[in-house]
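K.L.:
Given the sequences, and given the hints that come with them, work out the whole structure.
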Amino acid sequence: MGIWLLQLEFFVTTFPIIFAMQFNTALCFVLTGGAFIVTAIYQPVTPHFLSAPAGLLAGLSLLQYWFGTSIGIDTLLLDPFVSIGASEPGRMSPTTAICFLLVAIGLSLSRADSFRKARMGLGLATICIATFTVIGYAIHLESSLDWIGVPRMSPHTGIGFIALGFGLVHTGSNNGRIYVILLVAPLLLILFAFFVLVTQSSSDLSQLIMTYLLLEDKQSETMNKLSIVIVAAVLLYLGLTLYALWHARRSIQNMRAVERSKAQMAAIIDQVTDGIILIDERGSILSANEASVDMFGFERSEMIGQNVSILMPQDIAKHHQSYIENSDQNSIAKIISNYRKLEARHKCGRTFPIELSVSRIDAQEQVMFSGMIRDISHRRQTEAALLAANAELEDFAYRTSHDLRSPVASAIGLVRICETQLQDRELALLEENLTRLHKNFLRLDSLIENIIEVTRARLMVEGPTEFPVRETIEELLTELSHLDGYADMTLHIDIDPELAIETSLTKFQMIIRNLLSNAVKYRDRNEAKSKMHISAQQSDQTLVLTFTDNGIGIPPEAQPKLFEMFRRFHPKVAVGSGLGMYIMKKCSEALGGSIRFEPQPKGSRFILELPNGGYDVPEENPDRR
Numbered sequence: 012m013g014i015w016l017l018q019l020e021f022f023v024t025t026f027p028i029i030f031a032m033q034f035n036t037a038l039c040f041v042l043t044g045g046a047f048i049v050t051a052i053y054q055p056v057t058p059h060f061l062s063a064p065a066g067l068l069a070g071l072s073l074l075q076y077w078f079g080t081s082i083g084i085d086t087l088l089l090d091p092f093v094s095i096g097a098s099e100p101g102r103m104s105p106t107t108a109i110c111f112l113l114v115a116i117g118l119s120l121s122r123a124d125s126f127r128k129a130r131m132g133l134g135l136a137t138i139c140i141a142t143f144t145v146i147g148y149a150i151h152l153e154s155s156l157d158w159i160g161v162p163r164m165s166p167h168t169g170i171g172f173i174a175l176g177f178g179l180v181h182t183g184s185n186n187g188r189i190y191v192i193l194l195v196a197p198l199l200l201i202l203f204a205f206f207v208l209v210t211q212s213s214s215d216l217s218q219l220i221m222t223y224l225l226l227e228d229k230q231s232e233t234m235n236k237l238s239i240v241i242v243a244a245v246l247l248y249l250g251l252t253l254y255a256l257w258h259a260r261r262s263i264q265n266m267r268a269v270e271r272s273k274a275q276m277a278a279i280i281d282q283v284t285d286g287i288i289l290i291d292e293r294g295s296i297l298s299a300n301e302a303s304v305d306m307f308g309f310e311r312s313e314m315i316g317q318n319v320s321i322l323m324p325q326d327i328a329k330h331h332q333s334y335i336e337n338s339d340q341n342s343i344a345k346i347i348s349n350y351r352k353l354e355a356r357h358k359c360g361r362t363f364p365i366e367l368s369v370s371r372i373d374a375q376e377q378v379m380f381s382g383m384i385r386d387i388s389h390r391r392q393t394e395a396a397l398l399a400a401n402a403e404l405e406d407f408a409y410r411t412s413h414d415l416r417s418p419v420a421s422a423i424g425l426v427r428i429c430e431t432q433l434q435d436r437e438l439a440l441l442e443e444n445l446t447r448l449h450k451n452f453l454r455l456d457s458l459i460e461n462i463i464e465v466t467r468a469r470l471m472v473e474g475p476t477e478f479p480v481r482e483t484i485e486e487l488l489t490e491l492s493h494l495d496g497y498a499d500m501t502l503h504i505d506i507d508p509e510l511a512i513e514t515s516l517t518k519f520q521m522i523i524r525n526l527l528s529n530a531v532k533y534r535d536r537n538e539a540k541s542k543m544h545i546s547a548q549q550s551d552q553t554l555v556l557t558f559t560d561n562g563i564g565i566p567p568e569a570q571p572k573l574f575e576m577f578r579r580f581h582p583k584v585a586v587g588s589g590l591g592m593y594i595m596k597k598c599s600e601a602l603g604g605s606i607r608f609e610p611q612p613k614g615s616r617f618i619l620e621l622p623n624g625g626y627d628v629p630e631e632n633p634d635r636r
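Oh and the sequence shown: position 501 is 512 in our numbering, straight run, nothing missing.
Don't read these hints as lab results, they were simulated from the structure. Treat the hints with caution; some may be incorrect.
Claimed, not checked - Below, simulated DSSO-like cross-link-like pairs (lysine-lysine); rule was C-alpha separation at most 30 Å, straight line:
no.	residue 1	residue 2
1	Lys329	Lys450
2	Lys450	Lys273
3	Lys450	Lys358
4	Lys329	Lys358
5	Lys358	Lys273
6	Lys128	Lys273
7	Lys572	Lys450
8	Lys613	Lys540
Said to hold, decoys possible - Now the in silico label distances, taken between C-beta atoms and shown as ranges:
no.	residue 1	residue 2	range
9	Gln548	Gln275	51 to 57 Å
10	Ile327	Ala268	21 to 27 Å
11	Ser370	Gln275	16 to 22 Å
12	Val283	Pro567	50 to 56 Å
13	Ala268	Gln375	16 to 22 Å
14	Ile327	Glu477	31 to 37 Å
15	Asn401	Arg427	16 to 22 Å
16	Arg371	Phe608	29 to 35 Å
17	Glu460	Asp551	16 to 22 Å
18	Thr553	Ser370	46 to 52 Å
19	Ala569	Ile321	27 to 33 Å
Note that the Cβ used here is the ideal one computed from N, Cα and C, for glycine as well.
P.N.:
Have a look at this one:
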């Protein structure tokens, strides 16, 4: 376009073929090339302001050929000083106008996926037209270009359209690299042929023309056949190229389908709660799911490529590799598809119990092993707790049956003695035995009451309710006011009347009732005044109640077993079943809290900690509320 604007007449005699590209053609190349640049830099932008003028100019040129007239569009922008290869000064050829229309339409299409095939089709059509033209020039088969009987596209114009066609194919493809590789070969051949054509000396061209004229009569038939063969070869090559493009597109679609399937499978595996680890025959970790990352504490990148022994305790890890190398097929088969209970190692070094199942995967070129790992730490804890509860239940049943039978058997014996004494009129002895019988029944009643409390503490599920702490303690003190020695107690309650707690009222009352009754029963009768101080503190959603008395306390040797069943430390002081401390411990644990004993120089101190704000109710017994 610059040569046209500067009117460099020197090139007319030296390189006349340059002026076969008209000014309007060069202008359209600048516009469409600029449109491709804008598209590459600002991808969301569709450069209609550049592609539309080029398409309009090409369309008007075609209309002039169609109606056989001139509307002045050819010389509107520039009056050409020379006319080479044009039917009218400045007019582009019809094939040139068609190619510009194809490129302009392709550029105007949206970048959406639904228009990708259309862009590629327009680009391939442009490449086919331009390639056919340039090959005709390169092998001097001008007759093959006279199929429409109008001015032909210049060779360098054809090369320009091949480049624009590549641009459309690239923007219409999902993977432009593949299509460029498939199409770059014919472009290089065309450029080489054109280079030979334009650099051939004038003497060689003259000699070639003379030879051609001398042999024209003899070679006309041969050249026509050769033209047919070459055109057929070009069409065959274009067909093969289109097939290669179609096959490449299918391959890309299949690859993407496989990638989507892999991504879906990885997402499913990551949702599995058990750890899944894939290793090769050497024990190197190939993949690990999200549950494995959480279970072992290693990041996925820290595990992949490492030997699986990093997940084993050190005493097992140091022998693992030699075990793998020396294992035969029979020993490997024994661990396949069988659950085994083993120990695993966390990143921090701690070990934890796991359940492992190994599966063999025979791939085409590789043998792999997948391990499904389940952390059974919680199960082990549950099993241990269940065993402890069963042992405790057995002990409870044995001790309860013994303690129940003892007063009953004693009462039966006393009743028989009383019958004899009544017949013999031994009233003094009868009164004494009736008193003993009454004590036996009181002891039996106390034991039964404690058994009921133990059962309620272990089995009853009650939702949390909010109630005032001080008022509840005062109500329990009133309830226990009938106990022997209660009147001798001095009680001081240091609790805000507005303080409230949200928890199980029944279990809270069971704990406080046992603490208060023990303070009364086991007071020091040698003290002038027995005292008990009750205080409360609340911090961070936790209520702390402290009960301090100056009673006889707990012997040091008995303190480690203080909260066990059937433990009585002062049997001669008061009647009891030995279940009160055990009931307090179970109730506090059921409420999500704890109770502990602190020895004092004189007396005892119990500290009860409970969460204030409710607690988790077990879901297995939702109806026991």
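K.L.:
Against this structure, judge whether each hint is valid.
P.N.:
Consistency of the hints with the structure:
1. Lys329 - Lys450: Judged against 30 Å, a Cα distance of about 69 Å means the pair is violated.
2. Lys450 - Lys273: Outside the cut-off at roughly 79 Å; violated.
3. Lys450 - Lys358: Roughly 63 Å between the alpha carbons, so the hint for lysine 450 and lysine 358 is violated.
4. Lys329 - Lys358: holds (16 Å)
5. Lys358 - Lys273: holds (28 Å)
6. Lys128 - Lys273: Cα-Cα ~27 Å, so holds.
7. Lys572 - Lys450: Between lysine 572 and lysine 450 the Cα gap is close to 28 Å, so the pair holds against 30 Å.
8. Lys613 - Lys540: Distance of about 13 Å is within 30 Å: holds.
9. Gln548 - Gln275: 51 to 57 Å: holds (55 Å)
10. Ile327 - Ala268: 21 to 27 Å: violated (42 Å)
11. Ser370 - Gln275: 16 to 22 Å: With Cβ atoms ~20 Å apart, the hint holds.
12. Val283 - Pro567: 50 to 56 Å: Given about 53 Å between the Cβ atoms, the range holds.
13. Ala268 - Gln375: 16 to 22 Å: holds (19 Å)
14. Ile327 - Glu477: 31 to 37 Å: violated (53 Å)
15. Asn401 - Arg427: 16 to 22 Å: The hint (16 to 22 Å, Cβ to Cβ) is violated, given that asparagine 401 and arginine 427 are roughly 39 Å apart.
16. Arg371 - Phe608: 29 to 35 Å: violated (58 Å)
17. Glu460 - Asp551: 16 to 22 Å: violated (36 Å)
18. Thr553 - Ser370: 46 to 52 Å: About 48 Å separates the Cβ atoms of threonine 553 and serine 370, which means 46 to 52 Å holds.
19. Ala569 - Ile321: 27 to 33 Å: Taking Cβ atoms as reference, alanine 569 and isoleucine 321 lie about 49 Å apart, which means the hint is violated.
Going down the numbered hints, you'll see the structure goes against 1, 2, 3, 10, 14, 15, 16, 17, 19, while the others check out.
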